[in-house]
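Peer 1: Add chains Z, P, C, B and F to chain A, keeping to what the hints say.
There are 6 protein chains.
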Amino acid sequence: MATLHPETLDRLRGVSTATITTQLFKRGLRNTWMRGVRPLAASGVTLVGPAFTLRTIPAREDLDRLETLADPEHPQRKAIEVTPPGHVLVIDCRGVTDAAAAGDILVTRLARRGVAGLVCDGALRDAGPIAAMGFAAFCAGPAAPLSLCGHHAVALQEPIACGGVAVFPGDIIVGDADGVVVIPADLADAVAADGAEQEALERFVLGRIEAGAALRGTYPPDATVKAEFAAWRARGER
Amino acid sequence: MATLHPETLDRLRGVSTATITTQLFKRGLRNTWMRGVRPLAASGVTLVGPAFTLRTIPAREDLDRLETLADPEHPQRKAIEVTPPGHVLVIDCRGVTDAAAAGDILVTRLARRGVAGLVCDGALRDAGPIAAMGFAAFCAGPAAPLSLCGHHAVALQEPIACGGVAVFPGDIIVGDADGVVVIPADLADAVAADGAEQEALERFVLGRIEAGAALRGTYPPDATVKAEFAAWRARGER
Amino acid sequence: MATLHPETLDRLRGVSTATITTQLFKRGLRNTWMRGVRPLAASGVTLVGPAFTLRTIPAREDLDRLETLADPEHPQRKAIEVTPPGHVLVIDCRGVTDAAAAGDILVTRLARRGVAGLVCDGALRDAGPIAAMGFAAFCAGPAAPLSLCGHHAVALQEPIACGGVAVFPGDIIVGDADGVVVIPADLADAVAADGAEQEALERFVLGRIEAGAALRGTYPPDATVKAEFAAWRARGER
Amino acid sequence: MATLHPETLDRLRGVSTATITTQLFKRGLRNTWMRGVRPLAASGVTLVGPAFTLRTIPAREDLDRLETLADPEHPQRKAIEVTPPGHVLVIDCRGVTDAAAAGDILVTRLARRGVAGLVCDGALRDAGPIAAMGFAAFCAGPAAPLSLCGHHAVALQEPIACGGVAVFPGDIIVGDADGVVVIPADLADAVAADGAEQEALERFVLGRIEAGAALRGTYPPDATVKAEFAAWRARGER
Amino acid sequence: MATLHPETLDRLRGVSTATITTQLFKRGLRNTWMRGVRPLAASGVTLVGPAFTLRTIPAREDLDRLETLADPEHPQRKAIEVTPPGHVLVIDCRGVTDAAAAGDILVTRLARRGVAGLVCDGALRDAGPIAAMGFAAFCAGPAAPLSLCGHHAVALQEPIACGGVAVFPGDIIVGDADGVVVIPADLADAVAADGAEQEALERFVLGRIEAGAALRGTYPPDATVKAEFAAWRARGER
Amino acid sequence: MATLHPETLDRLRGVSTATITTQLFKRGLRNTWMRGVRPLAASGVTLVGPAFTLRTIPAREDLDRLETLADPEHPQRKAIEVTPPGHVLVIDCRGVTDAAAAGDILVTRLARRGVAGLVCDGALRDAGPIAAMGFAAFCAGPAAPLSLCGHHAVALQEPIACGGVAVFPGDIIVGDADGVVVIPADLADAVAADGAEQEALERFVLGRIEAGAALRGTYPPDATVKAEFAAWRARGER
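Residue numbers (this note's numbering), protein chains in the order written: chain A, 1 to 238; chain Z, 1 to 238; chain P, 1 to 238; chain C, 1 to 238; chain B, 1 to 238; chain F, 1 to 238.
It is possible that some hints are incorrect.
As the list makes no split between identical chains, a pair holds if one copy fits it or if it spans any two.
Below, in silico cross-link-like pairs of lysine-lysine (DSSO-like), each with a Cα-Cα straight-line distance of 27 angstroms or less [stated by the list, open to error]:
#1 Lys78 x Lys26
#2 Lys226 x Lys26
#3 Lys78 x Lys226
None of these hints come from the bench; they were simulated from the model.
Isolated chain A, as found in the complex (with noise of 0.2 angstroms):
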């Protein structure tokens, strides 16, 4: 796995995850937003940090008892004690919404670990108790089936698909109101610090739009406007 730069992570937390498609968009990759994964909790969590993944496939009825959960080498189980801390767990549900990856006591236990979120693109239970949590999670919504009846866990740490997107162990992960957009590894720490440059611009946009300005000129910002932003920015504005 690639090695961050040391800011790369807070530089990340001032920046939407709209602005990071638009750098990933500059950089030749289109397709980096999770489709139909939203944050569970109505409130703005927000969420950054390194991808640790868990995969999974349809359930069979053999397989999938509850028995089975009591193994402590259970993936599913296994995810919730292993995910480093100020990593998020990445759940691969192939987009089933109608069983559940996790509930309260899961959850729980990642948020006391200090694991940063959990992102799947299927279902949590427990949805009340987890909202009122304040932990980021970001899930296709709230269903009440346990996991045995739609999921089978399978392995830790393999590349695996998250709402259409391709995510690898390690690939930094930021989560906000417009949902959840993957960064790979290598290009995390561009990103960071073109993406914070250009949050810096479009607050000084914003404030010429609310001002009155037109767009013409402003947004994109022609070449007086950036050097105006550039002036804005030399007296420590941001």
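Peer 2: Relative to the frame of chain A, chains Z, P, C, B and F by itself:
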């Protein structure tokens, strides 16, 4: 219809839909949660009661005219007046979400009559006022169009489909933030009793996890933790 | 474009989208509600105004590059600047929900220019800031990716499709918690007048239902209840 | 059920489903064609007959076991034995396509009993043998799983939904390569008579078009072409 | 519109849609294949020609009546008469598959006029007769209902969406058993030339694979195999 | 991997996928049929063999370039060369149908190597030539775009999802006109033996039904019919 244990409905008020799916899974039932049906209000309404059913088919332009709604025997209007207090009106909308199954006047009448809730796999109109009423309404979302645009109501108290689940009159309907589950009437007593016990165990387990316990041995609980739970229960904790 | 009665837009501010679909149904129009389009903000924004339309087709990688957005004649950017105050910008996104039709800077400009609202059957980015603005934005949900990932804007003020409904420039757009309906311009005066009357009747009926009246004779009202409503109206109630 | 004109079914054998939708459109009915239902066989089977209906709901694991099929009163098995000769068995499968409504043994029995055809908005199994039989089977495609995996048959001769269209027992079902349409029983005589006349006109028009005529004046025909058609008809052409 | 090299259309008749997507991929275009659009006839019709476009929006009950089809300026009818011989009529049906874009009389007129083919992301009616004609018709499948049930034709020769792909008038349309691809007009000469060469290489490679060669070095070809191909080409093989 | 009884694969060649789902249903497995996967060729290809699996995730523009296909270790290319003769290559395409999993050159190589068949829940390109080859290819339909447009191949011989069903390497894959079913390896011997017996019984029953027997007592067979079947079997009929 089976006669319920007198405490069953009360017990179920303390059992989550997530727990109920686990109890039904233990009894061989996997398909018990309605797909695409969620609480209309953002806040945490819960619902418990026996199902009273209404079945619809697609509207036909020559049959479904405004005049027909004046007939007190029209099945939709009749359902509003005859669903027994404490019961849940469950409407089979065939998953059609671009016409409403009911609006605020009908829902107000249901609430006034003491009906416990309304569940449909279609839409409701006047979603703003209904959400503000605090009535337990679960549906696939709001839609403005009147029911005649999409639905022809045909019969009361037949077995129906709702959200991909079989619903027989008298089945016990439970709804919360995770959606709606259907408990076959003859399983309701056992699911309520065992479900209440499972809830107690999960509260106990959650306390341990919040206190820093690892999943191993705690969730699912091994013999030691089960014994500690039994002692905790014996002390009257819950 | 038809000239509206001077009170039509004001009257429509007091008429729900649910009532409007009933009025249009009486006039033979059933397909008037946009599928999949809902208010971006959780709180109760409402919207009334004539449609100003923007049409898009799928993006093409060689045409839809960041540089093209600097062209003030780019139809998306131009739409933001020329939608008349009080009008509603309606964007045909072909139901594509994985690229945004606009973001917070463009929406801020619309709001600053006095545009009444924005409606699209696609996504918006910067959903958190937009929802906080109080601007009447209706869409299929949030999405982070920039418009160039999915949309190539082609023309203003053409007849378009939005949410499965025909929208002609000048049609009257009304939005509330039940979504968005389209009133053909030449029907707007009649729908507004009759709709306002229907709203008064429904308020009267709702009062009766809240007071315990059964549906029979009250909803729909029989001759007696209609006479009572007329007397109530004559007393200046509303 | 309405009594049909003695020539109605024969007339309909010469009328395409396309023409029938036009005749029903003239009478105010737009929603008459089943979505997703097509002939199982590649070759050109056609179908005309009154509907005999079977309704299903989702399977329930404790009720839908292999043993239940031995009960001659099981509605699916009973439907096979009691659908009258010349009628069409129409099964409401709720659009579920991953379990079969019937297989080759049941279809063979239907054919042996002189039933005109089978229509469902679900799947059939043993699709190879059934397609080879020449029996008029229309469905959403093949699927191997037995009906008990998905369907619980509940009742015969109720109004049902099939492919998004209302079907009342006795409605006239017509199927060809364009799929299946439903003619309300009380409109069947008129649709058959006018539809046969429309077919004659379209054959006449098609001859003109094949001979090089432009659409203008020919399709739809103006007064001159109508008079020529009348003369052609008067000469006994068809 | 760009002027094509005189051999481009002929060359494209020998290039598969699969090969064309590879050529366009090399030039940075990934979204060039229409989703859900396939040949109506089972046998192997192919299609090459410049696009002539027709755009539709959803039908409106008060505008889309049978009488309107008598107007020779009605865009659907006009499209049939003015699409130039050798061109392909491409209709934007917004993916709506429950109403037909055209039927056998209109298609017969297209064929009689020498139009190369018809492509739409909606349905065709009279599918049996059209499939038997041998005309190159590509669509999402058959549907009986007349166009007025779903479509309001609005304009000719505008840029449109079809099957999720942008189509500009004059773009080159190619169809075969794998469906339909769109070649931007200014890339058509290069794609035709390079595509023809790729086809020759693939025929050569296929011969090697049929003779037992492994993929390694053969597909894709290494320098040795490329040299052998060049020699084979130089001998006039193809 | 379990060792199969030496006659199991041969026996399964005489057992339909429909019968296999019944045998698996008897053993508690309901989810065994791949959704959306059908034979590419119209004629009746059948398929039996152990699964060899290939897993894909969504393509990433910077990783999935034409050059990468020259690497003989590329998992897609490697799968073609190492799937053992007599086995079935099963590709997890995540249900993505707008890029091809393979084309005619790769399929020719599979056929040349004696591989029994190819199954994927995605698309194949060069569908015309592949259908003409007589190779047992099952997929979700044709699509022209190359695999790099949609798929990044990651690994061989992992457990995968295909058409919503779990597939473990070595599971037995059976395909016919009803689609594809997956038999867990350790159940294959029993399913083959009991399935062959069920097929014999169904042939016997079908003969009775063709001769005019009613379902009652015949299907399912009662004790008398079972005895007659046993006698028929004892006479060596099949």
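Peer 1: Okay, which hints does this one fail, numbers in order?
Peer 2: none
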